[in-house]
Structure formats: C-alpha cells, structure tokens
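S.K.: Chain by chain, the residues run as shown.
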Amino acid sequence: MELLLIARHLNKYFYEPEKFQVLTDINLEVPKGEFVSLVGKSGCGKSTLLYLLSTMDTDYEGTVELNGELLTGKNQNELAKFRNEHIGFVFQFHFLLPEFTVLQNVMIPALKLKKHSEKEIEARALEKLKLLGVEEQAQKPANKLSGGQQQRVAIARALINDPNIIMGDEPTGNLWTLIIRRWFWTSFSNSHATWARPSSP
Amino acid sequence: MNLALRIAKTHLLAKPRQTIVAMLGVTFGIAMFITMVSLMTGLNDFTEELTMTSTPDIRMYNDVTEPRKSILEEQKPTGLVVVHHPKPKNETPKIRNAFQIAEQLRQDPLVLGAAPLLSTQVFYNYGPVQLNGNLAGVDILEEDKLFNLRQKIKTGSLEDLLVSTDGIIMGAGLARKLNMINGDRVVITTPQGYTMTLNVVGTFQMGLGTIDNAKAYANISTVQKILQKDQSYVTDINIKLRDLDLAKPKAVELQRLYGYKAEDWETANATFLTGSIIRNILTYSVSITLLIVAGFGIYNILNMTIHNKMKDIAILKATGFAARDVRNVFLIQSMAIGLIGSVLGLAVGLGLSYLVSLVPFNGGDIVTMDTLPVNFHLKYYLIGLVFGNATTAFAGYLPSRAAGKADPIEIIRGQ
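Those sequence lines, one after another, are chains Z and V.
According to this note's numbering, the first sequence holds residues 1 to 201 in order.
According to this note's numbering, the second sequence holds residues 1001 to 1415 in order.
So that you can see chain Z by itself, here it is in the shape it has in the complex:
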C-alpha cells in the first residue's frame, strides 16, 4: 500500500520553563486512505506530534515526509503553500473568521490556492456545505452560528482544496454523535483523504 505520511526519528523538546523532551524517537507511517487515531493521556504529546506532522511546528529533530515530499528543512513560505494545497485542518475550537460569511470562510483557502475560478470555488464551497448539512447558513456571518454548526463549517473549509490528508485536533470535542458519524462517513467516502485524530481517552 502506498504510504502518504512518513515520520522518522522525531524528537521534540520544550525549553520553557526548563528543557524537557516531549517526543522521543517517534516513527510513524500512514498509508493512503487510512483513518488513524492517536490516543493517549493528557500531556503525552498528541497535539505536539500533530503540529510537527502538520508542518506548523518546524523546531524538531528527525524527518517528516508527506505525499512523497520531504517537508523537513523547507522554509515557512514553502510550508504555508504546501499546507494550503495538501493539508486540511480541523481544530478543537471552531476557529472561523467572525467577520466573514460562512461561505466566504469556506472559500478563503481555495481563493488563496487560486486553482479554480471564483465561480467554481463558490459552487464547490456550497457543495461541501451541503455535504455537512449547513448549506442554508451559507450567507450568515460565521459568528451567528451555533458551536456545532461552526465546527461543521470548519470541516467544509478543511475539505475545500481536496487535501491529501485531513488533520483534526480533537475535532469532535463538542459535536453531536449523529453528526460525527455522518461526517466520518463523508470523509471516508473521499478516497484520498486520510485522518489523523488525536483524542484523549
């Protein structure tokens, strides 16, 4: 099976308030199409590992390879571009831009990527919103939605650029069970997507 994410010998230290090794020699391989959950007690480094794998944290030892591309050593601008195109994010808190409408929130990463025309992006964004059952809210300001609705919009945003991998940091922290199931189902139906989801037991 083709490997999508390969991490080799990851070591990570925290320096504040004192030097502390949080990750020790982590090796991880995730094949394409796989659903992976990271489980562990609080403070064991699940989120930290996710930040390394997601390229947002570059201060580590070891190598991270995603989609056949070595990400370790790239500069911040290259990594930002890579995240935009290949990685979808869902955070524990919904993190929408409050001044923009729901539709605009979903469209922004695609507008940044500029792979499609704006009309196409809008159609695709509406399609993703429909997939998550929040298409009626498309024209509302993001801060007028309930927590659960906002989280679904955040998921639609993670899907907009058809990423190779979607990473979630306890994304279902405040979601209704039925929605979780439906959402898992939709994500699995997207054959390219892979989930990395750390969660506390």
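Derived from the structure by calculation, the hints contain no laboratory data.
Please note: incorrect hints may appear among the correct ones.
[Said to hold, decoys possible] Distance condition first, Cα-Cα at most 25 Å in a straight line; then the derived DSS-like pairs of lysine-lysine:
#1 K1089(V) <-> K114(Z)
#2 K1311(V) <-> K140(Z)
#3 K1405(V) <-> K81(Z)
[As the list claims (entries may be wrong)] Residues on chain Z that point at chain V, a partial pick, calculated with CB under 7 Å:
#4 L50
#5 P109
#6 R124
[Unchecked claim] Chain Z regions said to be covered by chain V (calculated; three or more residues, Cβ under 8 Å):
#7 25-39
#8 84-93
Since the structure is predicted, the reported quantities are computational estimates derived from the model, not experimental observations.
In this text, a Cβ means the ideal position worked out from N, Cα and C, and glycines have one as well.
Following the hints, position chain V against chain Z.
M.R.: Same frame as chain Z, now just chain V:
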C-alpha cells in the same frame, strides 16, 4: 480582487467606528498641515513680493562710508600702524559714467533692466512741520520696467511726470500726511539747505509703510537741479536680473568689475528672509509633530486590532497564508486608513485655508492688506498626501510585520 485586500476591507468595515477614529487622526494632522503651510507660505510670498517691489535685485552705489586704507598704511604696508578712528573722506556719492555703465549692463544677457537714479534725503515742508523722507530722481519709464510702477500708481500717471519739469509722484501715505492731492505744490528742502517747490502730479502705493510714507519720485534732471549738480550726477544704479537667484554671485562680479558697492536683494532684506525661514521651521515642526501623534494613534489601533485577531491569524496561517500574506492584510488596512484619511485631510485643509483667506486683517501703516494672504499651491497638497501616507505606512508596518511573524502553534496552544 486580491485576497489580502478583500480580508483587509472586511476587517475595516466590520469595525467602522474604530476605522473612522484612526482616519480622523490622519485627517486632522493633514488638515492642520495644509492650513498652516498655506498661511505661512502665503505670508512668505506676500512679504517677498513686497520686498521685491521695493528693492532691486542688485543695487549699485558708491559707498563712501566703506572703511578704506589710510595713507600711512599705504606708505608702510609692513610696519605696525595704528590709525585711531578714521572718518570717511569728503567725496560725493556719485557714480562716474553711470549712464554708460547702465547701457553696458543692459547688453548683458543676464540683465533684464538697469536704471540709473539719483537718491537724496529731503524734508517735506508742511506748514511749520518738516517731514523726513527721500526723493528719487529717476527715468520713470526705466523704473517702471524694474518695479512695475504703473500698477502701483493710485492717482495721476507716469506720463504726467515725464512732461513736467517740476513734477513729483508721492507715496500715498506721504501725500496723506502732507494733506496733498494732485495739483498741490510741495516745498522740499535738501540737507544742504537748498529749497524748491514741486508740483504733485501723482501718488503711488507699494503696500509697504516704510516706502509709502517716505518716498517720492521726480525726474532725474529735476533732482539734479535741486541738488545743484551736473547732468551726469547719479548715485545709484538699480539692476533687475532675468533670474532672481543669480543676484548674489552677479553682485560680487559687478562689484569687482566696476569698483562700486553692489548689494543683492537677499543682503538688503536679510530681516525679511530670516522671518520666512523661522515661519518655515515652525510650520514643518508643528506639522510633523501632528503627524507623528496621528502615527502613534494608528500604531496603537493596529496593535489592538492585531491582538484581537490572533485567532484569525492562526487560522490564516494554518490554512496556508504565508507571513507576507498576513502582514499585507494588516498593512493594507493602515495604508487605506492613511490614504482616505489624508485625502479627507486635504479637503478639510482646503476648506480651512479658504476660510482663513476670508479673515479680515488690517495691516495698519506697515503693510497694506485687507485679508490674510493664503497660498493655494498644489505642491503643498502633494507634500501633505505623501507625508500622511508615509507616516501611516510606517506606523502600520511594525505591528503588521509582528502579525506576520506570529506563531500559530502558540496561539492555538493558548486557547
């Protein structure tokens, strides 16, 4: 539309009150700058114009008070010689061959006009009262070329002076003091004690009290007659140049060439020029202070905005915005505040300076003006625009760059 621009616009419109307050800071600064600069440069231009109407670009005269070498010093150049309190020699302030010099000067491509004249102190007798003043014997048409006299004439005309042998054109203030109108006769006395009666044929007003209250023009031959001097007696040559700024070097050259003292207008009007410089310094220092205060206002507001938008910055970076993109979002906001604020400021400044130009102002005896002089030169509006935008760009750059460098992990962890 550019994505950073679109996000910036949404941010600005989402908090209209904060945006307007930031803009008003710039608007106020620029408006005050425009108003001050308009008034100050208006005053400068006004005084400069006044001085230019009363002083020639270069005045050449025989300076008999100039310190000279004593005979002893000439005889013993190497020895130690002390001559206590030497006084000027009794010589006439005449310029030799003045008419030939003037003719020669007119051939010079740099010179627009050269007018020989004969100037003397006189007393104007008004019943038992004697008023001090001076009388210039001129070729009135040459003088007109230099000082545009025709426009300054209040009553009578230049030609009336030409055709009369004992005519005089007086400053308006002087005529008022002497209670004279055209056709009246005035008795003048020279310091040498000669007395003559002249016929008032006109009055002029330069707008400067020191001139209008003391000066009078007569034909050069009339004044020669009063002073009992010959036909070639001339004390000054007034020279007008094509380029005003060449006066200083040209004066030095003429002094060396003809051996007479040549004084340029800058030296003659040093006090006026000092006033201009001080006004300029004041204007720019006050304006820059205002703009710096506005800049700090923008810096504060932008810092606050960025602090409130930390979550958004984390999201933008996580979804693929580079540091430069995030920086641009906030930089565009401050630039927009700067641009709209300064354009508004220019408009308010134009309105204010127009109002100032309507304020009645009585210059009294010193200068003739009805309202404050205000300059509406485009140049200062451009300076204001550049100033306003540069300040806001600079004030916005620092917090924007910090926003671009913010670490999304730290922000997300902080939740």
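S.K.: Go through the numbered hints given earlier and state which of them the structure violates, listing their numbers in rising order.
M.R.: 1, 4, 6, 7
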